[in-house]
Each structure stands twice: as C-alpha cells, then as structure tokens.
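Those sequence lines, one after another, are chains W and Y.
Per our numbering, the very first residue in the first sequence carries number 1; after that it's consecutive.
Per our numbering, the very first residue in the second sequence carries number 1; after that it's consecutive.
The reader is advised that the hints may include incorrect statements.
When the alpha-carbon atoms are kept at most 27 Å apart in a straight line, the in silico DSS-like pairs for lysine-lysine are as follows [as the list claims (entries may be wrong)]:
#1 54/Y - 3/Y
#2 279/Y - 242/W
#3 288/Y - 176/W
#4 288/Y - 283/W
#5 283/W - 242/Y
Just so you know, the hints here were simulated from the structure itself, not pulled from any lab data.
Number of protein chains: 2
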Amino acid sequence: MAKEVILGIDIGGTNTTFALVDREGNIVFKDNIPTNQYADARLLVRRIKELIEKQPQNVKLTGVGIGAPNGNYYKGTIEFAPNLKWSGIIPLTNYFTEDFHIPAFLTNDANAAALGEMLFGNAKGMRDFIMVTLGTGLGSGIVVNGQVLYGHDGFAGELGHVIVEENGRQCGCGRKGCLETYASATGIKNTVVNLLGQTNEQSELRGFKFEDLSGKIIEQAASRGDKIALKAFGITGEYLGKALANVIAITSPEAIVLFGGLALAGDLIFKPTEYFMNKNILKIFEHKVRLIPSALPSNDAALLGAAALAWKELG
Amino acid sequence: MAKEVILGIDIGGTNTTFALVDREGNIVFKDNIPTNQYADARLLVRRIKELIEKQPQNVKLTGVGIGAPNGNYYKGTIEFAPNLKWSGIIPLTNYFTEDFHIPAFLTNDANAAALGEMLFGNAKGMRDFIMVTLGTGLGSGIVVNGQVLYGHDGFAGELGHVIVEENGRQCGCGRKGCLETYASATGIKNTVVNLLGQTNEQSELRGFKFEDLSGKIIEQAASRGDKIALKAFGITGEYLGKALANVIAITSPEAIVLFGGLALAGDLIFKPTEYFMNKNILKIFEHKVRLIPSALPSNDAALLGAAALAWKELG
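Next comes chain W alone, as it looks inside the complex:
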C-alpha cells in the first residue's frame, strides 16, 4: 500500500520550500521554487503540483499544510504580508484544495513550528507548552490543552510584542519597548552596540561595522570570552527570562522551547534566560517549567511544522 504523506509548504519572502512528509516526520521528497516569480499565488500552486506529480514516489497524498507569514488559520488566508509580492488577502488553502482535491490548512510560521515540535520534536506528548522562535524578530506559538492558542481572530501568541520596557526601543510594529526589540538577533545586535558606546571595555566586536554584526558573530565572540558579547547575552536572557516568567503566570506551560539562530548559542542564551525566568517566577510555578531547546532541524523546521499542522488536523 502506498505510504500516506502530507505536502508541507513553507512560504518565505524569497523561496517557497515544499516537501512530502510522512506521519513520523520523515521527508520523502523536498524541493523549492522562488516565491516572487509567481505574480499570482495560483500559478505557484500549479507549479508545485507539477513538480510533485513528476515524482515517482509510491505515496498517497492526504493533505496540505502551509506555514506562511501573516497566515490566518481560521480563514486559510495570507493577509497583507509585507514581504510577499501578493497584495491583499490570498485564499491560499482554497487554491490548494481546488488543484489537489484534498484538505489544506494554513497557519503562521511560529504556530507551525510549535506543531512541528509537538508532533516530531521535544514537545512530543506535551499538551501545554510555548514555542519561542528567536530569529530577526521573536515569534511564539502557544499550545494550550493540546491545541494552538489562536484567540478570537487567529492572531494570538504575539509574545514578541509584549511591551517589556516603557519608552524602550523602537519596534517595527510602531510601538516602543516590545520584547522582540531586545530578545532576538536584531535585539542582541542593538544591545552590543549600546554596550560598545557605554564603556571602554575591549571587545573584538569593535572591529565590525553595525551592518555586518550578527547573532552568530556575537555568539562566536562570547564563546571566546569577549566581555561585551557575554554581557549582551546576559541582558538578552534577562529580558527574555522575565517575560517568560510573566507569560507562565498566564498560561502555565509544562515547558518553553527555544528555537532559531539565537537558541543555537546554547548555554550562552539558556543560562541567563533560565536564571531570570526562575528568579521572577510565581511560587506556585517554581520547578515546574522546563526551558528546553528545539529538536527540529533548523533547515526543515518550517516544513515539518507545516506538515504537522495537516497531520494534526486530519487526526
């Protein structure tokens, strides 16, 4: 009998990656196409179908799962995504269902990552946890009682836009002091630059232009003992840990999973985050909440998450 698979799709501003993923999270086939070459999302759907049908795999496609920026789970739409060429509201699940004649589901990237972690990663078997993705910004997918917390309009889980510093750093959302302006690759870069301006401490990071600095470079400096880099990780972990203590009081998760570039810095980010999370946690939650790394492979996490969404919906 043909093996059942899901078509998992990760829509990015540059590339759209897609894969056939089985129930255990194995990728049977993977490919990608440049998103912006398709002026109409319908053409992108058709192209994916052609490429899938060329595959001689003995598989049975049972559903489509999509992770997309500004994805609305309830409506199956991408809405006003600033990094995509398609303007307005794109009914993407409809397009897939029309062409593939199978059920299609869509959610945003962070929620997809949370589902991937729940089905294939370190949150297996958990019913209450929070996935935090530390990339250019900070995304989060909150799982409550085994379900993604979508809220009234599908847009819940914006932990990155909790205000943690009154009149703090300017955020892309138009407000000031959002968590993601401190706890993200962008945030730690700004923290480094602030520290360089505040002290005369020697640092290899003084040798970089602002625009060349990155989370990776700061991580490498920190691992060589660079004091400014270490301090920047400490400050990042302090903001993140305190914010996590607050969100724990609201949703009482079993674990918090860190994912993304900054999370790969290991102890450099985990230690201070854990310290400030536990220092600020409400007593009834003490020693109950684990801070753990994601088990999803960085490159395929979005794909696996998208596939997990459909596997979960199809039961």
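Go by the hints and put chain Y onto chain W.
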C-alpha cells in the same frame, strides 16, 4: 417533570454559600453556613446535604459545582488555602460525590466567575475572553476557544501576578511589582496614600486613617471631583490598561470583562483602563477588543459561577 438544577457552592474563608441553580441561572434556593465551624470538610458537605434535603422543591439535582480559593480543577481539591481552617489537600469533589452520588466539579473563584459570565452574563456566546475580578487582589479567568485556560497544572490565569513594575510594591506572593499591588482595591488605596504624601493637593481623603480607606470611599471622593481620588483611578487604570494590552497580544480575546468592587466604579475605572489599553495595543488587535462590565449580580456571582462550571461540564 422535576426541574434539573445544579448545587452551586462558593467556599469562602468566613461563609460557605450554596444554592440550587437552574440551566438559565435562576436561583431556586439559597442558604449559607459558617465555613470554619466545620473542622472537617466532610462535615460541611454533610450539613449542606441536610439543608438541601429539607427543601420541598420539586427539583432534580444533577451535579455539584464548587468555587474555592486555591481550587485545583484537575484534581477536584483545595490545596493549602491560607484562609481556610482545613489544612493540606482536601479532596472536596470526592466528598460531594460520595454523599450526593452525582458528579462534582471544582475550580478557583476567578475561573468560576468567568464561566458564570459565559453562561449567564455578558460573555454569552463568546469563545475567547478574559474575566478580571478586581477585589482585595486581582484574579483572572481566561477563556480560550470556549474552555477555561487551566494550563499544565491547573493554575494558569494569574494575571494579577504579572510583574508590571520592576522593584515595585511588595506583593503578598513574595515578589515585587505584581499587577494586583496596583490594580485592586488594595492597590488604589496604596496609590492614594502615595499621592497624599507626594503633593499638597487638597483632598477629602486626608481625613481618613489608612486602615479606614477603601475602594468605595475613594470612588465616592472621585465622584465628587476630589483630585487625588481621580488621579488614583487614573493611575490604577493606566497599570491595568497596559497589562491588558500585553495579555491581549498573548491570548487575543474578543472582550475583557471587569468584575468586582472597583469595576462598580464605572467610568472612573473603565475610562482610564480603556484609554491605556487602546494606546498600548498591538495594531492588529486595534478596535477588536471590548472592555465591558460584568452582568453578574455581585452577591451571587461566585455561586452562579460555581453552578456554571457544573452545567458546562455536564453539557
């Protein structure tokens, strides 16, 4: 046919109130007994049974719903409640089921209030909302997708213990700067006293001993135009509104329902709270979240909430 009713019970430090409540939230019979006269919770259960059985009502009792401090929904227990005589862990739903031979359910006061609002009050038909009870402290019951958010251990929804002021006021929980030290009857009282110490502004509140001040007295002063009292409401609403903007980013509710003594102050508390909530809200949630008063009668809210829990569980 006998009318189906739930035995709703509100366990307080001083009194335990109980009532027979029908599916529409009508109270058929109500009584109360002094909680602490019963050294063993089993004796309290037995006494309630006696008093219920004396009633000649033509009703059919189908379940028991209990609202209790430190109530654990998952286990049906009251755990280490500081204001009750019963120490340790009390398996209260077991006691009720043993004596009444019907299903019993238990949750904490704020969650019960949220369920009461959902079944009988202003949150009818809502699937995502937050109930905020402004009493001596600040309690919250968060409803997500039609279910109370209990979290991993049953203790989620502690909005009152989100830290909103670094090194702020001492909280009863042992930490500093929790929301409930600002946004509660106790909080506004402390705010008034701070304001009296900071300025020479005339105020009728200078005529009160600290221990005599109350939310009600401050409300009355404010309604007469007392500037200190008005400013205190403004500050209280600022803390509450900002905290609500943050929790909206996490759970995306349709509405936030304010309940309790301070909420009865109407515009005095609603206006500043709404202003700061909307001023600090993330753009995608703008104009989506309503701030509304509870429709539950103050005296019976806990009872109706407890009954609502059982009605909801029994479907």
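Comparing the hints with the structure gives:
1. 54/Y - 3/Y: OK: residue 54/Y and residue 3/Y at ~17 Å, within 27 Å.
2. 279/Y - 242/W: This hinted pair holds, its Cα atoms lying about 23 Å apart.
3. 288/Y - 176/W: Holds, at roughly 21 Å.
4. 288/Y - 283/W: violated, 34 Å
5. 283/W - 242/Y: holds, 24 Å
Hint violations for this structure: number 4 only, all remaining hints satisfied.
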